[in-house]
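Single-letter residue listing:
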Amino acid sequence: MEFTASQIASFVNGKIIGDENAVITGVSPIESGENGHLSFVAQERFADFIESSKCSVLIVSEKLLTKKDYSKTIIVVEDAYLSFQILMNLYKEMQGRKSGIEDGAVFHETSVVGENVYVGAFTCVSEKVKIGDETQIYPHVYIGKNVKIGKNCVLYSGVRIYDYCVIGDNCIIHSNTVIGSDGFGFQLTKEGYQKIPQLGNVVVEDNVEIGSNCSIDRGTIGSTIIGKGTKIDNLIQIAHNVKIGTNNVIAAQAGIAGSTVIGDWNMIGGQAGIVGHIQIGNQVKIQAQSGVNSSTKDGDILYGSPAISASDYRRNYVHFRNFTEIVSKMNEMAARIKELENNSKD
Amino acid sequence: MEFTASQIASFVNGKIIGDENAVITGVSPIESGENGHLSFVAQERFADFIESSKCSVLIVSEKLLTKKDYSKTIIVVEDAYLSFQILMNLYKEMQGRKSGIEDGAVFHETSVVGENVYVGAFTCVSEKVKIGDETQIYPHVYIGKNVKIGKNCVLYSGVRIYDYCVIGDNCIIHSNTVIGSDGFGFQLTKEGYQKIPQLGNVVVEDNVEIGSNCSIDRGTIGSTIIGKGTKIDNLIQIAHNVKIGTNNVIAAQAGIAGSTVIGDWNMIGGQAGIVGHIQIGNQVKIQAQSGVNSSTKDGDILYGSPAISASDYRRNYVHFRNFTEIVSKMNEMAARIKELENNSKD
Amino acid sequence: MEFTASQIASFVNGKIIGDENAVITGVSPIESGENGHLSFVAQERFADFIESSKCSVLIVSEKLLTKKDYSKTIIVVEDAYLSFQILMNLYKEMQGRKSGIEDGAVFHETSVVGENVYVGAFTCVSEKVKIGDETQIYPHVYIGKNVKIGKNCVLYSGVRIYDYCVIGDNCIIHSNTVIGSDGFGFQLTKEGYQKIPQLGNVVVEDNVEIGSNCSIDRGTIGSTIIGKGTKIDNLIQIAHNVKIGTNNVIAAQAGIAGSTVIGDWNMIGGQAGIVGHIQIGNQVKIQAQSGVNSSTKDGDILYGSPAISASDYRRNYVHFRNFTEIVSKMNEMAARIKELENNSKD
Numbered sequence: 001m002e003f004t005a006s007q008i009a010s011f012v013n014g015k016i017i018g019d020e021n022a023v024i025t026g027v028s029p030i031e032s033g034e035n036g037h038l039s040f041v042a043q044e045r046f047a048d049f050i051e052s053s054k055c056s057v058l059i060v061s062e063k064l065l066t067k068k069d070y071s072k073t074i075i076v077v078e079d080a081y082l083s084f085q086i087l088m089n090l091y092k093e094m095q096g097r098k099s100g101i102e103d104g105a106v107f108h109e110t111s112v113v114g115e116n117v118y119v120g121a122f123t124c125v126s127e128k129v130k131i132g133d134e135t136q137i138y139p140h141v142y143i144g145k146n147v148k149i150g151k152n153c154v155l156y157s158g159v160r161i162y163d164y165c166v167i168g169d170n171c172i173i174h175s176n177t178v179i180g181s182d183g184f185g186f187q188l189t190k191e192g193y194q195k196i197p198q199l200g201n202v203v204v205e206d207n208v209e210i211g212s213n214c215s216i217d218r219g220t221i222g223s224t225i226i227g228k229g230t231k232i233d234n235l236i237q238i239a240h241n242v243k244i245g246t247n248n249v250i251a252a253q254a255g256i257a258g259s260t261v262i263g264d265w266n267m268i269g270g271q272a273g274i275v276g277h278i279q280i281g282n283q284v285k286i287q288a289q290s291g292v293n294s295s296t297k298d299g300d301i302l303y304g305s306p307a308i309s310a311s312d313y314r315r316n317y318v319h320f321r322n323f324t325e326i327v328s329k330m331n332e333m334a335a336r337i338k339e340l341e342n343n344s345k346d
Numbered sequence: 001m002e003f004t005a006s007q008i009a010s011f012v013n014g015k016i017i018g019d020e021n022a023v024i025t026g027v028s029p030i031e032s033g034e035n036g037h038l039s040f041v042a043q044e045r046f047a048d049f050i051e052s053s054k055c056s057v058l059i060v061s062e063k064l065l066t067k068k069d070y071s072k073t074i075i076v077v078e079d080a081y082l083s084f085q086i087l088m089n090l091y092k093e094m095q096g097r098k099s100g101i102e103d104g105a106v107f108h109e110t111s112v113v114g115e116n117v118y119v120g121a122f123t124c125v126s127e128k129v130k131i132g133d134e135t136q137i138y139p140h141v142y143i144g145k146n147v148k149i150g151k152n153c154v155l156y157s158g159v160r161i162y163d164y165c166v167i168g169d170n171c172i173i174h175s176n177t178v179i180g181s182d183g184f185g186f187q188l189t190k191e192g193y194q195k196i197p198q199l200g201n202v203v204v205e206d207n208v209e210i211g212s213n214c215s216i217d218r219g220t221i222g223s224t225i226i227g228k229g230t231k232i233d234n235l236i237q238i239a240h241n242v243k244i245g246t247n248n249v250i251a252a253q254a255g256i257a258g259s260t261v262i263g264d265w266n267m268i269g270g271q272a273g274i275v276g277h278i279q280i281g282n283q284v285k286i287q288a289q290s291g292v293n294s295s296t297k298d299g300d301i302l303y304g305s306p307a308i309s310a311s312d313y314r315r316n317y318v319h320f321r322n323f324t325e326i327v328s329k330m331n332e333m334a335a336r337i338k339e340l341e342n343n344s345k346d
Numbered sequence: 001m002e003f004t005a006s007q008i009a010s011f012v013n014g015k016i017i018g019d020e021n022a023v024i025t026g027v028s029p030i031e032s033g034e035n036g037h038l039s040f041v042a043q044e045r046f047a048d049f050i051e052s053s054k055c056s057v058l059i060v061s062e063k064l065l066t067k068k069d070y071s072k073t074i075i076v077v078e079d080a081y082l083s084f085q086i087l088m089n090l091y092k093e094m095q096g097r098k099s100g101i102e103d104g105a106v107f108h109e110t111s112v113v114g115e116n117v118y119v120g121a122f123t124c125v126s127e128k129v130k131i132g133d134e135t136q137i138y139p140h141v142y143i144g145k146n147v148k149i150g151k152n153c154v155l156y157s158g159v160r161i162y163d164y165c166v167i168g169d170n171c172i173i174h175s176n177t178v179i180g181s182d183g184f185g186f187q188l189t190k191e192g193y194q195k196i197p198q199l200g201n202v203v204v205e206d207n208v209e210i211g212s213n214c215s216i217d218r219g220t221i222g223s224t225i226i227g228k229g230t231k232i233d234n235l236i237q238i239a240h241n242v243k244i245g246t247n248n249v250i251a252a253q254a255g256i257a258g259s260t261v262i263g264d265w266n267m268i269g270g271q272a273g274i275v276g277h278i279q280i281g282n283q284v285k286i287q288a289q290s291g292v293n294s295s296t297k298d299g300d301i302l303y304g305s306p307a308i309s310a311s312d313y314r315r316n317y318v319h320f321r322n323f324t325e326i327v328s329k330m331n332e333m334a335a336r337i338k339e340l341e342n343n344s345k346d
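Chains as they are written, first to last, in UniProt numbering: chain A, 1 to 346; chain B, 1 to 346; chain C, 1 to 346.
Pairs involving identical chains hold if they fit within one copy or between any two copies, as the list cannot separate such chains.
No more than 30 angstroms apart at the CA atoms, straight line, and that leaves these computed lysine-lysine pairs for DSSO-like: (1) Lys130 with Lys145; (2) Lys128 with Lys243; (3) Lys228 with Lys285; (4) Lys128 with Lys92; (5) Lys329 with Lys345; (6) Lys92 with Lys130; (7) Lys63 with Lys92; (8) Lys195 with Lys243; (9) Lys98 with Lys148; (10) Lys54 with Lys68; (11) Lys92 with Lys15; (12) Lys145 with Lys92.
It is worth saying that the hints were derived from the structure and are not from the lab.
Just chain A, same shape as in the assembly (with noise of 0.2 angstroms):
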């Protein structure tokens, strides 16, 4: 790609100072700069990247700029980072959308396939399988029977949907996430387990976006369910019969047990458990590597394994640190208490 600063400008109706015919072929982070890229100035504490950064062009907030000339193209906008923002988008959508069937891919008869979907090689659509238009299914994806995936989706690479899940529109998931694998249910008897089957499916509902590698169980019987607009990050285990609401983000390598229900707005840390069977309210705040054993009220702010309240945690933890402390002390303690018992009997 190649732009230069006054098409930059047109995009984010800025105003240039320096060279508008300055070309950039790249963007960087401000911290490190490189020379022909692009980046942006938005807060004053990057200010003096201004000056030293080797970008050929940056996009700055108007009230951080001091001067009127640079050694560099400035574009000047009211905020900096909402113009870079959408740049970033455009520029993504400038990309471009895969289309088209590749060789390679291999339909069941009786699947339906919107239009203007891309499907890559060596994918598996099987029977009864419905996919909406302007969806984009890379290569190596499985699509068990009966699966319906909604309008512009993206599936990446080795992505498994096992039969009968559905998925909402706008839904990206990243590759190697399997939605649908078998609930872990088993009965015991004297000689072993039983497999319990898991007749159930996933619903994603729409604007949902999962990571890679993530594994998200069908239900025993009914569904599995990940709400709308709900964001769920990489290696993340969902149980069977999870429900979970509306606009929660989810972080790495947190895991949700069984049949726990989770309503909406949640911030749920990475490496973060939640047990099987209880309901987490709405916008609550998992910290990271927490475990949460007990339902939750909204709003609540949880830490710890067991988790409890995050302030009450962080409190209790900063005597944990000055545990051998207060242990000494705690002995000095005993041996004045048996010093004034000693006078006492004198």
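We have chain A; now place chains B and C onto it with these hints.
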């Protein structure tokens, strides 16, 4: 699928109250029953659903019935839970098994494939592989050279089995699980870490189920072993030369480090970690998120990181939760001692 | 494979005691030696196995020998461990490397493939990809556009490399690892979370090994970097814009959150978590399951969640284990203080 109440009653030897021609087209969990669906009531605490459920047909344990007539069709059995499981198993069987070799599957000329085997599109079967009768292998599976797979197994899409690994009979391996990747073994040198070749394999014994996205590394020399009847959930790490006995249950995201030996009938909780080179006995329970760093005796119940007796952990954790209060009390005691000391000087 | 004792002795420059024509067909760990197999004894504590092992041929460190004759063939060397490693490396090499392009591999016409490269069936190589000489890419690998892969790499089956990522020379990446999936970046709005485009890439430097089922996200802008010689185990999460230095060792199921910078020669334990936007120095050791939430100095040894000095953690944890006893003692002290106070009123 479509069944009448009388068909279902005949499968489980039940007695019908109501319309024997009532038709069901699906199954529901009792809490979210749907018209036209089947569900079951086996416990007192769900007895209200016998009246209120929207399901058209319910299987109910005899002792829970209090009336002669209901608004829906009831199939009366001795133990509704058991009867329902029989039905689920029947239903699973009726969905049929896949068979035949799909176009695009690739076989080395020296591989040997049993009777009535299914191999999906784009699955690669390398030299000298043996696949037992009735085994089903979905698309996109990679099977390295000299691998042996037993009878009646199911390998879902995206499973990878490295060279020389052995899978027993009646095993199920879910999508994107990797069996036999190199153990994590390096020799420290001044220039960096030198790879130690990993020349062993993985042996998965009969009746093992392994969830999706697991990593089971090959032995350095000798085998990593998963014993008969052991069930492994999703996203689990089993390191090189681990030996796991029979009938263990290991929950999602647990990890077991190199060369550790695990007995029989243990339960390992989600996100638990077990260090390398230790022995876990039999019938041990390890709570979720625990970190076991020393060998255990049979029947131990462990919790915490590092793990200690679960009852001790819980009792101590209650004090941890009150730590701020405990410290306050201690400070108050210190003041009272001071006071006593001052008084005694008088 | 089949080797005679004299062949083996010649590889490691050893002296034979016993039958120089003894044939071995495999290798065993010393604890579970098999007839016809080779093993080694390098340490005093395994010396009893020189007599008792069922192996037909043993490589033994000279200093451990006490007799002139043994019931099996002995190959005498100075350091048996070293000699055995030389043999394992030789054996690994003798297994040969794969080469050639298998039927079913797909290449974009603009891709450039080096000499003596192996590409397995159903692997997809996108536009402008460059693959270096001697590199081996197994079946079912997806390589996005503009990806560069160096010389002498091994990418196992099911690896996914998103667009624009760069892999150095001599790298090994195990099955189902994903390089370059989108970072987990969203902007909160009233309607829900808006995706922030992830336009950067991942750079994996030379001599890096990455285990199976890892997720390494691309930078938002700029690169996520895995430094030269760093070794990464299985099921590990590396978030967007993380920079990892040289010669680090990261154990299974660890996770590193966004933009964190990690120096050289660190050891990160299994299931450890490191929060985003901090600096880890050099030669730091992070114990398994720890949660590091602030920057560290060189040489720190850390433990706990949140992590503190490992020696402090261990010392404090001893008190935690005795917490119930400590509280009892405190209560008893309180009673004695009360008693003293009562006495002093008399």
